[in-house]
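All chains, please: the whole structure from these sequences, using the hints.
Numbered per numbering that gives the first Met the number 0, the sequence shown finishes at 165, counting up by one with no gaps.
Check the hints yourself; a few may be wrong.
Simulated restraints, written as ranges between beta carbons of each label pair [to be verified]:
hint: 1; residue 1: Arg-157; residue 2: Thr-125; range: 19 to 27 Å
hint: 2; residue 1: Ala-147; residue 2: Gly-73; range: 22 to 30 Å
hint: 3; residue 1: Ala-154; residue 2: Glu-36; range: 29 to 37 Å
hint: 4; residue 1: Gly-73; residue 2: Trp-133; range: 28 to 36 Å
hint: 5; residue 1: Glu-142; residue 2: Arg-102; range: 27 to 35 Å
hint: 6; residue 1: Thr-125; residue 2: Gly-43; range: 32 to 40 Å
hint: 7; residue 1: Glu-119; residue 2: Ala-40; range: 32 to 40 Å
hint: 8; residue 1: Glu-34; residue 2: Asp-57; range: 13 to 21 Å
hint: 9; residue 1: Ala-53; residue 2: Ala-86; range: 16 to 24 Å
hint: 10; residue 1: Ala-116; residue 2: Glu-156; range: 15 to 23 Å
The hints are simulated quantities; they were obtained by calculation from the structure and are not laboratory data.
In this text, a Cβ means the ideal position worked out from N, Cα and C, and glycines have one as well.
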Amino acid sequence: MTDRGEVAVVRRPGRAASAEDGLSALLAAYHLRTEAEKGEAVAGVEALPDRYRAEISDPRTAFADDVVLTALAGDTAVGCLVLTAPADGRSEIKRLWTDPAHRGRGIASGLLRAALAHAEADGTRTVRLSVWAWRTDAVSLYERFGFAVTESWDARERLVCMQRTT
0 MTDRGEVAVV RRPGRAASAE DGLSALLAAY HLRTEAEKGE AVAGVEALPD RYRAEISDPR
60 TAFADDVVLT ALAGDTAVGC LVLTAPADGR SEIKRLWTDP AHRGRGIASG LLRAALAHAE
120 ADGTRTVRLS VWAWRTDAVS LYERFGFAVT ESWDARERLV CMQRTT
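In structure tokens, the structure reads:
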């Protein structure tokens, strides 16, 4: 991270995450921005699809088996990442998000480093992710971390699937 303020990446105790710790706000911002970028802007969280509202309202349940990393600036949650529980030696990165007011400080890189270190320590052989093609900065970030575009496992148009071995 840079010297523009101390940011800590923390793993939620017991792999748990709660709505009270700022994670819900980050997830809401992520989903609302994604829907807008897809051209399906919604007026608020209540208009999001059920599966996204469930993550926002109860991240502890939605990500019960996963590792949730949160970047904190002081006591404020400024970024998040979910690393799914390994299955068949493979985990997936989901919901990488940095609050726009805190971008450019290495937060996403710090979250990725922590997730990849956890995956490696956990014995995960492959980490994969999907990212929208128009998020070119994110694609570049993933490439810098050794991810490469791979055959898609998701049929949604303009979704880029990437993976790397640990």
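Verification of the supplied hints:
no.: 1; hint: Arg-157 with Thr-125: 19 to 27 Å; verdict: holds, 23 Å
no.: 2; hint: Ala-147 with Gly-73: 22 to 30 Å; verdict: violated, 36 Å
no.: 3; hint: Ala-154 with Glu-36: 29 to 37 Å; verdict: violated, 19 Å
no.: 4; hint: Gly-73 with Trp-133: 28 to 36 Å; verdict: holds, 32 Å
no.: 5; hint: Glu-142 with Arg-102: 27 to 35 Å; verdict: violated, 18 Å
no.: 6; hint: Thr-125 with Gly-43: 32 to 40 Å; verdict: holds, 37 Å
no.: 7; hint: Glu-119 with Ala-40: 32 to 40 Å; verdict: holds, 38 Å
no.: 8; hint: Glu-34 with Asp-57: 13 to 21 Å; verdict: holds, 20 Å
no.: 9; hint: Ala-53 with Ala-86: 16 to 24 Å; verdict: holds, 20 Å
no.: 10; hint: Ala-116 with Glu-156: 15 to 23 Å; verdict: violated, 33 Å
Hints 2, 3, 5 and 10, counting from the list given before, are not met by this structure.
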